[in-house]
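Residue numbers (numbering that gives the first Met the number 0), protein chains in the order written: chain A, 0 to 155; chain B, 0 to 271; chain C, 0 to 765.
Not one of these hints is a red herring.
Pulled a few chain A residues facing chain B out of the computed Cβ check, cut under 7 Å: (1) Asp39; (2) Thr47; (3) Ser54; (4) Ala63.
Short, incomplete list of chain C residues facing chain B, as computed with Cβ under 10 Å: (5) Tyr124; (6) Glu127; (7) Asp128; (8) Thr279; (9) Leu668; (10) Thr682; (11) Glu695.
Simulated from the structure, these hints should not be mistaken for laboratory data.
Quick reminder that beta carbons are idealized off the backbone N, C-alpha and C, glycines included.
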Amino acid sequence: MKVTVTVNGSQVAAEVADRTLLVHFLREQAGLTATNVGCDTSSCGACTVLLDGQSVKSCTVLAAQADGCAVQTVEGLASGPDEMHPVQRAFRAEHALQCGFCTPGMVMATVSLLAENASPTEEEVRSALEGNLCRCTGYHNIVRAVLAAASERRPS
Amino acid sequence: MIPAPFTYQRAWSIDEALELVARGGEDAKFLAGGHSLLPLMKLRLAVPEILIDIGRLRELSYIRDDGNHIAVGALTSHHDLATSGLLASALPLLAHAAGQVGDPQVRHRGTIGGSLAHADPASDLPAVILALDATLVARGPSGSREIGAGVFFRGLFESALEPGELLTEICIPRPQPGGWSFQKFTKRAIDWAIVGVAVQGSSVALVNMGQTPLRASAVERALASGAGSADAAAHAAEGLTPSSDLNASSGYREHLARILVSRALEESVSRA
Amino acid sequence: MSILGTRVVRTEDPRLLTVGGTYVDDLRLPELAGAARVAFVRSPVAHALITGIDVSAAREAPGVIAVLTAADLTDLGPPPPDDGSGGSEAAPLPLGGPWAEPLLAVDRVRYVGEAVAIVITDDRYQCEDTAELVSVDYEPLLAVVGADAALAGSMLLFPAAESNVAVTGGAPADGAAFGGCDVVVQRTIVNQRLAPVPLEGRAAAAQWADGRLTVWVSTQNAQISRFVLAGVLGLDPGAIRVVAPDVGGGFGAKVGIDRDALVVAWAAKHVGRAMSWTETRSENLVGMTHGRAQRQVVKIGGTRDGRILAYRLEIVQDAGAYPRMGGFLPFLTRLMAAGPYDIPHVEAASSVVVTNTTPIAAYRGAGRPEATAAIERAVDLFAAEIGMDPAEVRRINLVPPGKFPYSSPCGPVYDSGAYTEALDQVLAGAGYQELRAEQALRRERGDVLQLGIGLASYVEITAADAEGGETARLVVHGDGTATVYTGSSAHGQGHHTAWAMLVEAELGIEMANVTVIHGDTDLIPTGTGTYASRSLQLGGVAVHKAAVDVKEQARLIAADMLEASEADLELDTERGAWQVRGDPASSRTWAEVARHAGDDGLAAAVNYTEGQPTFPFGTHLALVEVDTETGKARLLRHVTVDDAGTVVSPVLAEGQRHGGIAQGVAQALLEEMVYDDAGNPLTSTLVDYAAITAAELPSFELLASETPAANPLGAKGIGEAGTIGAAPATQNAVIDAVSYLGVTHIDMPATPERIWAAISGARESQ
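All chains, please: the whole structure from these sequences, using the hints.
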């Protein structure tokens with residue numbers, strides 16, 4: 000079937016098999032490989048993207064379900080090569096990534112969290128990231144980065 | 000992992016959904032948020048030949064105050080339930096429990112109707128709508144019918160929905176004044192409940208204590224006959240045969256049910 | 000001021016954060032354009048004879064290029080000589096002879112997940128469909144699951160070996176050892192089987208073109224991978240290029256090249272088409288090697304005033320279906336059995352058995368966490384038996400400050416340490432006395448939520464193969480920039496940042512102008528890579544020494560340029576320029592000096608080896624809260640000293656500690672690979688394998704301590720320390736929380752049901 004998705008502001012249209020998963024559409028048809036597949040069971044969150052503004056696990060969404068919708072991936076966050084999004088900046092400043100495989104999903108989950116809760120507590124951050132596994136950082140610096148990004152975004 | 004091949008069809012109206020499912024017959028399945036079905040399909044534990052996507056039926060996503068009851072559209076997402084101001088004041092049990100389902104991503108996509116139709120005894124919301132004495136509305140080729148929550152769950156992953164029927168609405172009576180509580184016991188926050196308890200006033204329902212979500216009838220009887228929370232909770236596992244699996248033995252589940260019911264009743268009383 | 004020891008943010012991150020890493024599945028190279036996809040057909044049964052494989056339906060499926068089985072493996076290199084032995088204990092090599100493991104199952108499968116065939120198709124989706132069409136006839140055999148079944152030997156995995164015991168080692172029990180003890184405690188404990196779960200599973204792509212094989216593989220060691228490929232395929236190493244692109248975590252399970260990746264590389268050559276394989280998580284949880292899986296008997300004895308006099312550790316190592324690391328893991332456990340204590344008599348013995356489960360290999364710590372978990376549990380058992388505070392028992396028995404270097408009765412010489420200081424620092428940092436007071440109060444009140452305080456003091460061995468060394472080549476180019484070619488290999492550790500810091504510190508060339516390259520055997524033919532926490536103390540020192548070498552070369556050239564004596568020249572590392580001492584106007588930049596040196600700039604190559612490993616140490620304190628009604632434990636605080644010598648990058652070192660702690664806590668509370676009696680894995684998805692999430696953890700409290708090692712950077716390894724200390728500290732904390740009820744031990748993972756059962760059992764027996 001023909002699927003058209005607005006990915007990071009650009010229309011991507013392709014003829015794909017009905018069973019194509021959104022994550023594969025993004026990786027193959029849209030050519031955006033930052034979004035990773037880390038499991039088969041919607042457990043790890045590595046494939047998290049924003050679908051019409053809300054975080055979803057793109058391995059558990061059919062490309063067909065996203066037809067006509069807007070998807071944002073980590074590639075669409077920065078406003079320029081030297082202008083990282085506050086969440087990206089915070090992840091770097093706080094050393095919130097090591098191997099980087101979970102990172103795009105973790106960043107997008109964070110963007111979604113902060114859109115819904117601009118001033119989360121540490122406990123709320125930990126709870127909001129329960130669907131995103133990281134094996135490297137022990138989450139310590141990820142939590143710090145999310146809190147730092149939240150305080151940076153908050154008008155003082 | 001990817002699902003086995005299937006044909007995707009998209010419904011733009013309830014009537015079209017019913018027509019497509021009638022045409023597809025036994026090989027067709029509705030796809031709402033997909034968070035129960037797609038993982039099973041990827042593991043090839045489910046292999047439907049036709050998926051009818053009802054995700055665009057925006058008319059089935061609502062939370063409406065109908066006076067004596069609250070009407071919830073079947074395609075309302077867990078996230079929308081959890082963040083609804085109306086539910087927070089009218090049905091805090093449902094709002095709170097919806098906020099405990101899965102993780103934020105799952106709550107964005109998963110829907111109440113999908114969760115109920117899937118009829119997984121380990122799911123949170125089936126027990127909640129049992130405790131709330133909800134009525135489920137299903138549309139089929141011959142029109143709408145109402146199904147009481149108490150008779151909706153027939154068995155493991157088996158509901159009272161007939162082939163070709165679509166769950167459209169959950170109709171929940173405004174509870175009598177009283178407290179509520181939702182207790183979900185897991186190893187990790189993200190896990191399915193090993194045991195869960197939903198309490199609304201004197202109604203008590205259990206997650207994962209049998210083949211279906213269950214009313215804790217023995218507890219309710221004890222409460223009705225004037226027993227206190229602790230005494231009533233001692234009956235939590237009475238007559239039940241929960242499963243033994245990787246996460247818990249049946250004996251441990253029975254123990255947890257008694258502890259969690261006791262805690263839930265106490266919390267409910269404290270909120271009343 | 001030197002950049003070393005300062006809080007530098009990583010150079011790797013902007014790319015990883017904005018466009019994502021380039022892992023194997025992300026490669027979009029011309030060489031891999033139109034690459035076919037590979038899927039494995041794996042055994043669904045734990046133990047069976049293969050009586051037939053029918054690939055005809057699969058071969059006719061759409062898009063199929065080839066379906067290959069062991070019968071097609073006719074063009075491999077000669078097999079390694081049959082040494083017929085149990086193999087070397089001190090090297091992590093697979094056993095040969097009757098224990099040899101085929102690349103694809105021939106006539107027998109020995110674990111669920113064992114590769115039986117591969118399917119090669121044009122695209123990914125066809126591949127999974129086609130794999131389902133391969134029909135294999137299995138004649139089931141009784142599955143051997145668990146140490147007891149293996150030792151009983153009524154069913155053998157390798158009939159020709161005539162035993163399920165592959166390797167034994169260590170000392171027989173000395174009957175007199177515990178003679179002088181007032182108190183002796185003995186207990187069997189389980190160090191459970193874990194899945195490493197790097198977020199990126201195994202993956203490989205390969206291309207055979209013009210007589211040359213290129214393999215992109217998710218590995219910790221490109222050069223070792225090339226060596227193994229050359230042997231298996233019978234190719235000259237020069238005909239093989241191995242590239243490790245970005246690697247999404249390894250944790251020991253990506254040491255060298257996985258057997259399935261070897262099959263992919265072979266198939267690319269055999270079929271003559273580029274192809275790519277990325278495993279699914281369900282495959283990963285049974286196909287990637289597991290870790291730990293030891294059953295231990297600890298016996299500890301001493302005096303009533305707290306002096307430990309004798310300790311014995313007996314290990315049964317479950318090697319899984321194939322002893323891929325021979326006797327190595329329990330060898331390391333025995334080596335570190337004495338822990339950080341000065342115990343007059345320590346002995347350890349081990350047996351390695353095969354079972355019908357996924358093979359065991361290295362996982363973060365690889366043998367050392369098992370040693371620490373054993374003795375830390377034993378020390379607590381001993382403390383409980385004599386009624387002494389476990390912190391006090393540790394203080395009495397830790398190797399005292401004046402005794403370094405300390406010769407352990409198990410063999411190694413602990414280079415440097417401050418063990419009691421680390422303990423006291425953690426006790427003070429955690430507020431140990433206040434915590435004990437709060438615990439007593441809760442017990443007195445009979446609270447449902449009880450506190451547990453757990454300690455673990457440890458010493459570990461890093462760069463155990465220090466004599467193997469590591470390579471570095473440093474080039475300073477005519478434009479003043481520098482390139483580091485390192486034999487070490489990063490998969491999250493931050494080598495690019497740390498190596499650039501080392502160059503900037505020595506040469507004054509800004510980090511931004513230093514490029515670090517690793518993991519490509521065409522560019523770096525010799526090297527070892529990353530495991531055993533060896534990177535900084537070997538690879539880092541190699542970079543440092545290369546920089547020193549370049550600096551000395553530059554001094555000569557600058558002296559020539561400035562017509563000054565070498566002795567009068569100095570390098571201003573703030574400006575990155577050479578000058579005559581006290582005369583900044585005379586300055587020559589690195590660009591000028593490098594150009595003067597010739598077209599190729601300045602270069603130095605180093606192969607740095609060390610005669611001795613190093614021995615990091617520390618103490619962890621875990622504070623848990625146990626719900627005594629449900630049995631659920633929650634970690635409230637985790638306070639640690641992890642002394643890994645001089646710290647080059649505090650940011651990276653802390654990151655290693657954080658990640659290690661989380662994996663240790665996960666072992667203590669949550670994670671276990673579980674098999675049923677028939678050898679079916681019950682935890683083969685991430686729904687069932689309880690990898691720890693942010694919601695189960697607190698922020699960690701890291702205390703600083705730096706006791707230098709003898710190498711030029713003063714550095715020891717830090718990659719595994721967190722895991723080694725955290726698991727026993729957390730386990731001890733859980734047991735401590737319910738010890739007042741009569742509980743003396745709970746095996747890991749201390750799940751709610753296990754804790755509840757221990758409480759119930761203790762109450763019943765009272």
